[in-house]
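From first to last, the protein sequence lines are chains A and B.
In terms of our numbering, the first sequence has 268 at position 268, counting the first letter as 1, and numbering is strictly consecutive.
In terms of our numbering, the second sequence has 192 at position 192, counting the first letter as 1, and numbering is strictly consecutive.
Treat the hints loosely; a few may be bogus.
[Said to hold, decoys possible] Derived Cβ-Cβ restraints for the label pairs, each shown as a range: (1) B:Y69 to A:P123: 15 to 21 angstroms; (2) B:P246 to A:F33: 21 to 27 angstroms; (3) A:T204 to B:K26: 16 to 22 angstroms; (4) A:G279 to B:K26: 25 to 31 angstroms.
To be clear, the hints were calculated from the coordinates, so they are not data collected in a lab.
Here the structure is a predicted model, which means the values were calculated and not measured.
Note that the Cβ used here is the ideal one computed from N, Cα and C, for glycine as well.
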Amino acid sequence: MSVKNIHSKINRKRYLKEKVFKIYGIIALMISFLFLLTFFGNMIGKGYSALRQAKIYTTITITPEVLEDPAYAFPEEDYYFVSRDEIRRLPLMIQDSKGMMNKTFKEWVTADSEVDQYLKGKPSRLKNTDKKYIDKLKEEGRVRLFFNWGFFTNGDSNLPEIAGIKAAMFGTIYVMIITILVSVPIGIATAIYLEEYAKDNFLTRIIEVNINNLAAIPSIIYGLLGLAIFINVLHVPRSSALAGGLTLGIMNLPVIVISARAAIKSIPPSIKEAAYGVGASKLQVIWHHILPLAIPGILTGFIIGLARSIGETAPLLIIGMVAYIPDAPTSFTQSTTVLPAQIYNWSTASLRAFTEKTALAILVLLTVMLFLNAIAIWLRNKYEKQW
Amino acid sequence: MTAIFFYIFLICIFSILIVGHYLGIKKALLLESEQKLKSRPYYYGWYCLIWMSIPAFLFYVILSILSFYKIFYFSPFLTYVFTFLFVVIGLLLSLKNITPKLNARVKVEKFIDILLLVCAGITILVTIGIVLSIFFESLKFFKNINIFDFIFGTKWEPDTAFLGGAGRGDEMVAEPKFGSVPLFAGTVMITLIAMFVAVPTGLFSAIYLSEYASKNIRKKIKPLLEILAGIPTVVYGFFAAITVSPLVVKIAESLGLKAEYTNALAPGIVMGIMIIPYISSLSDDVINAVPKSLREGSLALGTTKSETIKHVVLPAALPGIFSAIILAVSRAIGETMIVVMAAGLRPNLTLNPLEGMTTVTVRIVDALVGDQEFGSLETLSAFGLGFVLLLITLILNIFSMKIVRRFREKYE
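Pulled out of the complex, with its shape left as it was, chain A reads as follows:
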């Protein structure tokens, strides 16, 4: 074999290896995207059915007996398929408007979750005779799937057919208000102090290492901190928006400090020196030149931190924000639940009908997060400056 042949043989092998190596990279990226695709597909596939809720068209007859036992209001054969919530609410409705007595009216009422699951073709605990009855009602057009507004306007419930995320959404807003109030002003002020005032000495360097470390501490540790300090020492009410917001605020603090410092650092010193050169004071330099230029960077960090806080669950679990809370909070010291905690709660519920609710709540949460992240990316691209 000639030398030339040996060479081309070796080279062919080398080029093959080169190709294989490149394919490894593509496969690695594919794994991530395949996961994202299956993940989103899975969540949408599980969650979209919760967007609709079965209702049943039935007659309600109000008689004095109904006040004693609301079951009498419904025809016997339909009664079993009507949501317990409709039955529970009936006496209250009668008390509210006295004119309803001894009247009969036909209405679409929320159906029981088992009927709902059966109509959506999911496993249901209905008996076979019941299933046949529902099929008959379906043919008559007396049972139908409607858009599930209740999911967005109701609080949590132990009845899957009326459980919604309103309380959790309001809770999230309440908690985020406190989180922002705690972390943003203090974080930005700290960043300004460290960048513009602090001298470069041993203490400053320790603080710097400290803040970087804090950003990498597992979030559950912040839950322990919240429990030990805010709840046990300061007696902030357990599972309140205040306790949750303070805990998440402290967790968010290093994120804000780091991003604000990076934004301030990226401003070229020449701008500062020019401002000092025309006689501006330190505060004027910061207020008129540094902050306006650093705002896009600070805002990006703020939004990313906010998105992270909205999705955070572990520390809130520790400070007791997973309790069953059906009503939206009206104050910061009331027991509150948040969206991720609601997801966790529903995911542990034994009734199968809660699975689709969980998936839909997850889709809502993911939409919020993706939206926030998209804003952050847009801001970063728009204001990215090459000095």
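Given the structure of chain A, go ahead and fit chain B onto it with the hints provided.
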């Protein structure tokens, strides 16, 4: 009723603050028409604002705290009235102080300096507070439990501890045992599985993105990868528990193996996927930081691209990649929701990833979510575990930061 008072109070305060700010500027302008002032007029407005808001704010906060802890009761209405009085007095005093001699700019700037210092101080206090508070709580735990039993014990049976916490110590059937080895074994197992998924995929993604992909593709793919890091962990947990776990069980069955639904494999794999962007973006940074001259030197010798990457770029970037992996490990160790939802509760010392096992974070959550009294041993055990967890992650972080710094110094 109190809510209405509060809103009226807020409106009053804000309107008087605005009026006060305006009055300060007005007076300064009036003075300026006669003689030159030491500062620009708007500084006098800020000067008034500070005098009006800060003492009143402090007063309000102190009163609120006092009445919250029932040390001293003050009706909300009176609190509002007195706070408002503070604002008015502040306004009158500061307006009186505005004379041509007053250098408002210096005063305002000094105040801002102090404010910034206080904020930085709070941040630092918080950092120290976290470590100290968890340290002291865990001290309480280690007072009761021998630290060697905790570190080397292989049995974690805290169930009987609540009787002691409820003051029924003599009813304890068996001494509660707090041996943390099975918990850490579970944590290490799940972390290893996660790394097994995340390190190769993350690393090859980074290599492809930084060495092969065009700038345009890179710009589009990177945010997509970062979505993985942005998905809330509770969502990953749900996915692991509902979709991946049953899948693992099914696959294991078809292979003739027995898997539990709380197997370690499902949370491990999902956690690995979550960690991919941490490894890829950090490795991407360090691979990019390797000087171009090294690559060009190697390519000039006739190597292929992959040979250059394997023999020149990766060895040069190795310390940085190593530190990225360490950071990812520390993230995996502290990850909570995925394991809480998909891994087991039973401490299990085993090497079989198809069996259920528990982790440190799961037991922390489990110990604190129940209706335990705060002082009970089981609650305190969470702080003991948390302290060890904090220590481990801190050491890992500092270690990886050191490596990165040395790596940067080498090439800058």
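Structure versus earlier hints - violations, ascending order
1, 3
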